[in-house]
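Asks: Sequence order for the protein chains is A, B, C and D. All residue numbers for the first sequence refer to the numbering used here, where the first residue is 1 and numbers rise by one. All residue numbers for the second sequence refer to the numbering used here, where the first residue is 1 and numbers rise by one. All residue numbers for the third sequence refer to the numbering used here, where the first residue is 1 and numbers rise by one. All residue numbers for the fourth sequence refer to the numbering used here, where the first residue is 1 and numbers rise by one.
Treat the hints with caution; some may be incorrect.
Because identical chains share one entry, a pair is satisfied inside a single copy or across any pair of copies.
[Stated by the list, open to error] Derived pair list, reagent style SDA-like, types lysine to any residue, alpha-carbon separation capped at 25 Å:
(1) K200 to Q100
(2) K200 to P181
(3) K275 to D127
(4) K106 to T203
(5) K275 to P72
(6) K275 to E150
(7) K200 to P139
(8) K200 to P66
(9) K200 to Y218
(10) K275 to R259
(11) K275 to T288
(12) K275 to L109
(13) K200 to G340
(14) K200 to G36
(15) K106 to G77
(16) K106 to T306
(17) K106 to W132
(18) K200 to G219
(19) K200 to H297
(20) K200 to A63
(21) K200 to T237
(22) K200 to A267
(23) K200 to T288
(24) K200 to K275
(25) K275 to R73
By construction, these hints were calculated from the structure, which means they are not laboratory data. Model, not experiment: these values are computed from the prediction.
4 protein chains.
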Amino acid sequence: MTLHLPHFKTTTAPISATNDGPAGTVATVGIVGGSGYTGALLAELLLRHPSVALTHMSSEQLAGQPVHGHLPRLHTGLAFCRQEEVTGVDVAFLCTPHGQAASVAKRLLDEGTRVIDLSADFRLEADLYEEWYAPHPHPELTPGVYGLTELRRDDIARARLVANPGCYPTAALLALSPILPLGLLDVVIDAKSGVTGAGKVPTSRTHFCSIDSDLVAYGIASHRHQPEITGGLDPQTTLTFVPHLVPLQRGISETLYVRAAHVPPPAEILELYHKAYDDELFVDISETPPELKDVAHTNTCRIFVTVDEGAGRIIIVTVIDNLMKGAAGQAVQNMNVMLGLPEHWGLV
Amino acid sequence: MTLHLPHFKTTTAPISATNDGPAGTVATVGIVGGSGYTGALLAELLLRHPSVALTHMSSEQLAGQPVHGHLPRLHTGLAFCRQEEVTGVDVAFLCTPHGQAASVAKRLLDEGTRVIDLSADFRLEADLYEEWYAPHPHPELTPGVYGLTELRRDDIARARLVANPGCYPTAALLALSPILPLGLLDVVIDAKSGVTGAGKVPTSRTHFCSIDSDLVAYGIASHRHQPEITGGLDPQTTLTFVPHLVPLQRGISETLYVRAAHVPPPAEILELYHKAYDDELFVDISETPPELKDVAHTNTCRIFVTVDEGAGRIIIVTVIDNLMKGAAGQAVQNMNVMLGLPEHWGLV
Amino acid sequence: MTLHLPHFKTTTAPISATNDGPAGTVATVGIVGGSGYTGALLAELLLRHPSVALTHMSSEQLAGQPVHGHLPRLHTGLAFCRQEEVTGVDVAFLCTPHGQAASVAKRLLDEGTRVIDLSADFRLEADLYEEWYAPHPHPELTPGVYGLTELRRDDIARARLVANPGCYPTAALLALSPILPLGLLDVVIDAKSGVTGAGKVPTSRTHFCSIDSDLVAYGIASHRHQPEITGGLDPQTTLTFVPHLVPLQRGISETLYVRAAHVPPPAEILELYHKAYDDELFVDISETPPELKDVAHTNTCRIFVTVDEGAGRIIIVTVIDNLMKGAAGQAVQNMNVMLGLPEHWGLV
Amino acid sequence: MTLHLPHFKTTTAPISATNDGPAGTVATVGIVGGSGYTGALLAELLLRHPSVALTHMSSEQLAGQPVHGHLPRLHTGLAFCRQEEVTGVDVAFLCTPHGQAASVAKRLLDEGTRVIDLSADFRLEADLYEEWYAPHPHPELTPGVYGLTELRRDDIARARLVANPGCYPTAALLALSPILPLGLLDVVIDAKSGVTGAGKVPTSRTHFCSIDSDLVAYGIASHRHQPEITGGLDPQTTLTFVPHLVPLQRGISETLYVRAAHVPPPAEILELYHKAYDDELFVDISETPPELKDVAHTNTCRIFVTVDEGAGRIIIVTVIDNLMKGAAGQAVQNMNVMLGLPEHWGLV
């Protein structure tokens, strides 16, 4: 490996010590929509990845301008390009708002590029998408392979189009999946999210003085991530999902209150989680209620489970970094699966 | 009214423009345990109150030292005294940790002083207290009149010993009380509290770097405020109560998920709340999910109610300032009721 | 005093226990530009004030809508009016952006209303205003009486038009004024401000994720408050003023590094401050570096002074709440002076 | 490279994709004092490093307990050991409080281990150390090679004992070093630090409610980092250094106000910085005042320079992550230099 330090700042070469890893560079990758929180973090991860080369990063407003100038954390000589210039890459990540990703995905798939879409465009069947969002421009492509890595690893490996899950559903489905066999009757999810989840566009809601020292529930029983969570449950399970905005930047914590047809003793329930996740690198079972700080800036999901014996209810607490396991991190994890690379490359 | 500005800083006279209000000074008051968050805020409120004179403020560690030196926000010439020196006042507020208040209360009651206890010592029957805390030193005095002003106003007016409610129960019971007639079957309370609720003693839990950018559930289905909430519900209602610590100083937000025997249409439920609280100065029904900032530093509780029609569940969101309506503010409100003064004096 | 609690929420009467204070209601007041941070806080203070009645509060965007609906903290039945409807009041407070206040002030002065302008429009001579802002529409009215209460009390008492000082200059000039006789040669002011100072309009700069965990210098040696500070110093004193934005809502802390022609021993310097401020209700000399929390939500300025003997320099640290002593609080203080009321009414 | 995912959680093998990098594992390393902020972050960096193996991590209180249990972010099977068990490693990092590092360093040096000390024990000459700290137990070892990598690279490469610089001096000396030739007469450093700089021990000062929404100056002209900064300046330069604690976790921002014998035009000054740092990977010259967020969790120092022409003063703003470039990151950078590895390995 040759690293020319003096040239670092003027070339496009990533400076990772780890490029040209054991597998060498096996793929070129591009990001469509690189100026938001998710796109910027994705670029940071991909620049550090040992076996891929980030060759394109688009932003309609910033096209032509050097990436480093706008995102000083990214040590790259790349300039932002326009969306249509992202072409010829092995894998493309779409970080555009929902509604815009669909047609970009279509173009790239037609070119033979494999696509990981971080918007909501391919997470639902077209008719459900229409109900919660808008008519789908390419219903024939829906749904993509749902990219919750731990639950759909084999499908993801073969997929041309992966729908990277929403942040809330990632935490919720990892928390509920091991106890689906108990017959879930009723689930309440009280979710708390950091402000990066609300996006980078300045609004009166995201003003510092609106968030600091404050906390507010929103989208009560009407949030668009609800059908995505329901999709992972039995049809007869009732679900109430209430997200809250909390005064911090990164992280989602969900407390789940579950009634099940069968509630075994706590030790048995815990065993279900260990069985499901002990071999998983990015899911930890925690012996105490997990904290956001233990997962901030990591791709890890931590899960705690207990039983409220008085009320006969299972209680689960789960935390992720919404930008990592809830978005960019899981996208890289999925890319690794698609490329046959170790799942954690570029992530630890 | 004469105000000698130059003397302000060296005398004990409160500088409130409002002392010698229409009613004149009608009572002397003292605070036992004045160095914590609640005691300090209580002093700030009482110094500003138009009709009472704060004559004693105790702290075992700081006895003899000027209050202003330790709490620069308090413009008073008072010095901290020892607990046993708080004597001869009309009303005493106890801000000591639970377990210590009971014997102080006994002494003061014997002296003829009316007592408002902000600890947990008189909120529960003695046997329930023993189950959740410790054997009670004065079971004959338990329980005090439960000081949730809006629900027990007449009893409070006549009380010698008021048990000021816990912060979580204040928010929960104000939220649930109007719909008790619907027959509550099952209640989940997901509560979020600021860090003042954890007290002023420095611990690794309250270190800035443990709280900032973090969020954690604690006391899952085992918090000591649970029996206090249960006490306000039907015996057959199942209750799950899970508090969380959030990165802010003041405020409690609770989201309550309620199954009831009868769930009328939303408009009818809302009507129950308006009927209960439209004449209340310190309870607001909000048309949107309320925010902590709207109640910070006020004695107001704001409540929002809706129905998750898909799940057949009532959802309530309620917010208070834990140090005000959840502690010192409600204590002053109770004092006003006990002294026959307008309930909001010293509070707005 | 009669207080009809049930009517509280539907009438315009302020609920302060303290209206009809010893002096009775002596003045009607109005606020032009009531939807920003300063206007809203000013309304909160005026509603609580014992001797004035807030009768008008304007907002062009919200005209016709109830104030309480937008600002739930304000317990008033007032609706927002349009700017030109603010008329017939004894005192008007202008909280509009600079450039807009001048013509409103002209109209109100012509009507005989006394004006306290919280914008920058009347703080500087017209030519200096033009240099730092824009040509002045009413140069004949400039400058207003500079409303730094402690320094200009007598002029303020007689003034028709008071220019309420900027937040940074308030803290700086209170800090420097006692040592002007030492002959200041060179002053460096390193100022740190909370985000309310940047206003309520959402921008990428005030987004929670831009402020939280961050800190940035801005307006280096080019901030518009610089000529206002210079105006209070000797012409030959060199001044460098650098403000910083810090992740908190309210408060300004300034550390001042001063070289003087004569640097007496520390005790003598301290004596200058005590002499200047011991009779002042809203200026405290602190024995340790003061903290923002000691002045948050108060009208107090706290000042600490020491000497760096190694470098031969006087160091001063001063803190205020930028919305209180730095804006709305000082405006009320000035109003009290203008109306001959005790200076602290409505402020403690 | 073989990676046994299932075994990950029970073995001591770091999971970095990048171990066995191009250079293979070239050194074993140990950490003395691994339970504080710096030690934990250092472990995180070393576990991710491609060419070293972390074999020891000591903590007197936690000896015998698994590291992952206390620091869930660290995916390692290591258990904490006792200080004296750290032996036989090629490089040892000392993260103990000052005063304790000296004797540990002595033992390890005698064993032939190269030492990077992150405490203050070897930054000053013994007599200066005694003046600011305490008598030095091993004056013969003082001072170590001062490990400000960019300024002392060659000495560090050959050093047996590196004194890793303090956080404030790192930022200050990188900012001042390029303009030393101008003849610095007078320097004021107004520094702002996040709370990790105050350490992990809970105190009333580091309580969340003492820090949040607050800001305070401390150690005015008496901070122990002052002689360390002075050590990098001309003896005749006067220096005033005032640190402030700000409500955020990680980062130091310093604004420096400099009078020099010769103040060339801004473009010439800027040229001095480019000349000094354009080939440096971890020092960026910024065209606008740099923000903490641009360097958080990175080893980068960003510097902005301008001239206040009115006052004839150079103003510099510089930011680092105090735990990275100000401690653990620079320690790894120094280790890389000592081992002849690319300086950025394990750091990007």
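Asks: Run every hint past the structure and note whether it holds.
Replies: Evaluated hints:
1. K200 to Q100: within (17 Å within a copy, 31 Å between copies)
2. K200 to P181: Neither. Shortest intra-copy (39 Å) and inter-copy (43 Å) distances fail the 25 Å Cα cut-off.
3. K275 to D127: Answer is neither: 36 Å inside a copy and 43 Å across each miss the 25 Å cutoff.
4. K106 to T203: Result: close neither inside a copy nor across copies, 32 Å intra and 34 Å inter.
5. K275 to P72: Result: close only across copies, 20 Å inter versus 43 Å intra.
6. K275 to E150: within (13 Å within a copy, 50 Å between copies)
7. K200 to P139: The answer is neither: 29 Å in one copy and 42 Å across copies each exceed 25 Å.
8. K200 to P66: within (20 Å within a copy, 31 Å between copies)
9. K200 to Y218: both (18 Å within a copy, 21 Å between copies)
10. K275 to R259: within (21 Å within a copy, 33 Å between copies)
11. K275 to T288: Only inside one copy: K275 and T288 sit 18 Å apart there, 43 Å across copies, limit 25 Å.
12. K275 to L109: For K275 and L109, neither the intra-copy (37 Å) nor the inter-copy (47 Å) Cα distance is at most 25 Å.
13. K200 to G340: So K200 and G340 fail the 25 Å test inside a copy (33 Å) and across (42 Å) alike.
14. K200 to G36: both (6 Å within a copy, 23 Å between copies)
15. K106 to G77: For K106 and G77, neither the intra-copy (29 Å) nor the inter-copy (45 Å) Cα distance is at most 25 Å.
16. K106 to T306: Result: close neither inside a copy nor across copies, 45 Å intra and 41 Å inter.
17. K106 to W132: Within. Shortest intra-copy distance 21 Å satisfies the 25 Å Cα cut-off; inter-copy 54 Å does not.
18. K200 to G219: For K200 and G219, the Cα distance is within 25 Å both inside one copy (19 Å) and across copies (24 Å).
19. K200 to H297: Both: 18 Å inside a chain and 20 Å across chains, each within 25 Å.
20. K200 to A63: within (18 Å within a copy, 30 Å between copies)
21. K200 to T237: Intra 35 Å, inter 43 Å, cutoff 25 Å: neither.
22. K200 to A267: Neither: 43 Å inside a copy, 35 Å across copies.
23. K200 to T288: between (33 Å within a copy, 21 Å between copies)
24. K200 to K275: neither (39 Å within a copy, 36 Å between copies)
25. K275 to R73: between (39 Å within a copy, 22 Å between copies)
Of the numbered hints given earlier, the model fails hints 2, 3, 4, 7, 12, 13, 15, 16, 21, 22 and 24; all others are met.
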